[in-house]
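Enquirer: Sequence:
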Amino acid sequence: MAVAQWPSQLPLPEREGFEYQLGDPRERFDPERGMPMYGMRYSRTFDPVAMVLTVDDSGRARLTQFWTDTLRRGARAFAMPGPGEHGRGILVSPGVPLLAGTVPILISRSWLCVFQGAPGFRAVGIRWRASFSLARIR
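Residues in the sequence shown are numbered consecutively from -2, following the working numbering.
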């Protein structure tokens, strides 16, 4: 079974409202004496991510259809372009892109994610502000 892809008709998340936190795979052990100790509990973690999109009516319908039908109400994983990474140029020094001839080389990065709940929508003028939480699988 192929992994679903983030719809190309939908924008990437806005910077305002975007939150990303590294998941913690450690387990804490408190001995009777001394400092607490940590060991690895999981080999893979979920990184919690909060996202916000501003979409029109068709974007709202597309996100709803993606969550409901394609992902079976959020039960399936999907791949999406890595926010803040995908499509940016690789820099050799601050402000100087790495070139292939005269064309800058761009980063291509995908995240494997699952929804942590259903997306919510709030009306903002004639547009919709969609907010949702994801778990990035690492």
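For the record, the hints were derived by calculation from the structure and aren't laboratory data. All residues carry an ideal CB built from backbone N, CA and C; glycine is no exception. Check before you lean on any hint, since a few could be wrong.
Unchecked claim - Simulated DEER-style distance windows between Cβ atoms: (1) A58 / P28: 51 to 57 Å; (2) E13 / H83: 15 to 21 Å; (3) D66 / S130: 19 to 25 Å; (4) P28 / H83: 33 to 39 Å; (5) G86 / E13: 22 to 28 Å; (6) F43 / R69: 16 to 22 Å; (7) R23 / D66: 50 to 56 Å; (8) A120 / F15: 17 to 23 Å; (9) V89 / E24: 21 to 27 Å; (10) D66 / V89: 20 to 26 Å.
Enquirer: Does each hint hold? Answer for all of them.
Expert: How the hints compare with the structure:
| no. | hint | in the structure |
| --- | --- | --- |
| 1 | A58 / P28: 51 to 57 Å | 56 Å, holds |
| 2 | E13 / H83: 15 to 21 Å | 19 Å, holds |
| 3 | D66 / S130: 19 to 25 Å | 20 Å, holds |
| 4 | P28 / H83: 33 to 39 Å | 44 Å, violated |
| 5 | G86 / E13: 22 to 28 Å | 23 Å, holds |
| 6 | F43 / R69: 16 to 22 Å | 19 Å, holds |
| 7 | R23 / D66: 50 to 56 Å | 38 Å, violated |
| 8 | A120 / F15: 17 to 23 Å | 21 Å, holds |
| 9 | V89 / E24: 21 to 27 Å | 41 Å, violated |
| 10 | D66 / V89: 20 to 26 Å | 44 Å, violated |
Going through the hint list in order, the structure does not satisfy hints 4, 7, 9, 10.
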